[in-house]
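Start from the sequences, fold in the hints, and give me the full structure.
Protein sequences, first through last, are from chains A and B. Mapping of the first sequence onto our numbering: position 266 corresponds to residue 266, and the numbering continues sequentially without gaps. Mapping of the second sequence onto our numbering: position 232 corresponds to residue 232, and the numbering continues sequentially without gaps.
Worth flagging that the hints you see were computed from the coordinates, not collected in a lab. Remember, it's a predicted structure, so these values are computed and weren't measured experimentally. Please note that the accuracy of each hint is not assured.
[Said to hold, decoys possible] Here are the in silico distance ranges between beta carbons for each label pair:
(1) B:Asp126 <-> A:Ile85: 38 to 48 Å
(2) B:Asp18 <-> A:Thr126: 46 to 56 Å
(3) A:Lys84 <-> B:Phe110: 27 to 37 Å
(4) A:Arg214 <-> B:Lys185: 57 to 67 Å
(5) A:Ile85 <-> B:Glu178: 20 to 30 Å
Don't be surprised by glycine CBs; every beta carbon is placed ideally from N, CA and C.
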Amino acid sequence: MIEILQYEFMRNALIAALLASIACGIIGVYVVVKRIVFISGGIAHAAFGGIGLGYFLGVNPVLGVIPFSIAAALIMGVISKRTKIPEDTAIGILWVMGMALGVIFVALSPGYAPELFGYLFGSILTVPTSDIILMLSLNAAIIAVVFSLHREFQAISFDEEYATTIGLPTERLYLLLLCLIALTVVLLIRVVGVILVIALLTIPAAMSRQFTHRLSSMMFLSVFLCAVFTICGLWLSYAFDLPSGATIVLVSGTAFILYIIPFSLVSLPSE
Amino acid sequence: MQHGWTIVKLEDVWVHFDGVPVLEGVDLSINQQDFLGIIGPNGGGKTTLLKVILGLLKPSRGKVTVFGHPPEKGRKFVGYVPQYSLFDHEFPVSVWDVVLMGRLGHKKPFRDYSEADKKLAHDSLDTVEMLDFKDTQIGKLSGGQQQRVFIARALVAEPKLLLLDEPMASVDSPMQTELYELFEKLRERMAIVLVSHDISAVSIYVDKIACLNRRLFYHNTKEITVEDLEATYQCPVEIIAHGVPHRVLKEHK
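Quick look at the structure:
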């Protein structure tokens with residue numbers, strides 16, 4: 001495995017995998033324990049609109065994704081908190097509208113969009129150094145926010161209504177958490193693409209919660225698992241010439257299934 | 001204090017959900033040393049009433065004052081113990097962290113808990129006799145133990161009023177007696193409002209009883225009339241022993 005690191009694209013891929021794992025492990029824990037997998041999927045898919053916007057404006061599509069996914073997160077959050085529209089309905093609608101906007105933007109852009117497939121399903125082998133720098137700064141922002149507000153995030157995840165009664169600004173904290181999810185989606189786009197993001201946001205965190213009842217330990221563990229899955233997936237995709245994003249997702253999913261089987265057998269109802 | 005001994009006052013409070021009234025013209029005064037039991041059938045608006053006092057629900061009509069302020073401001077003096085079933089029992093959090101959550105409204109944002117916060121958490125867990133379990137995951141405890149932890153979480157904020165929503169649900173009877181003894185101890189420090197659908201459980205310990213089924217029947221005493229009970233439960237009621245209502249029975253033909 002060492003000899004493949006002589007290529008710059010492989011070194012960048014490895015660094016990108018590790019950087020994505022950090023954000024993904026931390027934020028994925030909140031996604032799983034607060035049970036906001038669906039809204040996270042909505043943000044990730046709506047982010048495709050930002051990729052289209054990037055093409056349309058002729059800038060790096062990842063730069064289009066940042067404002068677009070944050071806007072999607074805020075709109076979904078506000079609609080689910082403030083209106084009577086059922087939350088899952090609102091998410092479903094914004095989910096497809098974001099993607100549809102992306103398609104329209106790409107169609108309106110001059111020329112052909114050869115890398116589009118990469119943004120949908122990941123293209124970790126083509127991560128430029130500029131993206132690595134972007135990923136570093138997004139990670140720094142996510143870690144700084146979680147480090148200073150982890151008590152508050154824990155409280156709104158455990159019982160949002162109670163958190164309101166003790167005077168926490170729960171709605172603003174929730175919207176901030178959704179924005180962190182949006183930024184994590186941006187980090188993960190290069191690794192697995194917008195369609196497959198949700199796998200890495202849920203699988204490592206869901207596995208790590210079986211081992212500990214501390215959120216911080218869960219985060220360290222899921223960062224580790226996420227790194228193992230992405231690196232294994234990366235190596236397998238290199239060795240067998242398979243699409244990297246899909247391979248990473250299948251490695252994670254297979255690990256989850258293998259790991260969960262003994263638990264499922266034990267918890268069968270015994271007469 | 002301009003409100004004398006009254007700490008919470010509701011005047012003609014109405015709450016509607018999708019146009020359907022859940023509370024109708026509720027008037028209620030809670031005084032500084034009250035131990036008030038609010039009884040009524042499930043769906044009678046008991047939880048709604050507590051949420052109005054906590055500022056979680058805005059009444060469609062009427063006025064609510066909590067410690068002389070609107071509920072959003074006054075609730076910092078109120079400790080709340082929500083209904084037992086309303087949390088994720090698998091949630092990865094220790095008893096100690098659950099109790100400290102009660103201090104979040106008082107600690108400075110972006111800071112960790114102070115030594116004073118930790119001392120209060122320690123003392124509250126000691127009061128409810130759960131200090132030995134502080135490192136246990138919350139879901140691993142029995143119903144009664146969890147209830148004690150949630151009471152401790154309310155106590156760390158040093159409330160002047162404690163609101164308990166169905167505290168005896170999922171608690172076995174020996175533990176229920178222990179919980180009532182705990183409330184006896186706590187009432188020296190704060191007013192307590194206890195909401196329950198079970199009259200027999202409430203009646204022995206509280207010193208005032210109100211009946212709630214959309215409308216509130218309350219005479220600032222422990223005496224409740226048969227008429228009040230029948231209006232609340234909307235069925236004939238039989239009262240047994242000690243002049244205190246102990247049981248609500250369907251009429252047998």
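Status of the hints after comparison with the structure:
no. : hint                              : result
1   : B:Asp126 <-> A:Ile85: 38 to 48 Å  : holds, 46 Å
2   : B:Asp18 <-> A:Thr126: 46 to 56 Å  : holds, 53 Å
3   : A:Lys84 <-> B:Phe110: 27 to 37 Å  : holds, 34 Å
4   : A:Arg214 <-> B:Lys185: 57 to 67 Å : violated, 32 Å
5   : A:Ile85 <-> B:Glu178: 20 to 30 Å  : violated, 45 Å
When held up to the earlier numbered hints, the structure conflicts with 4, 5 and fits the remainder.
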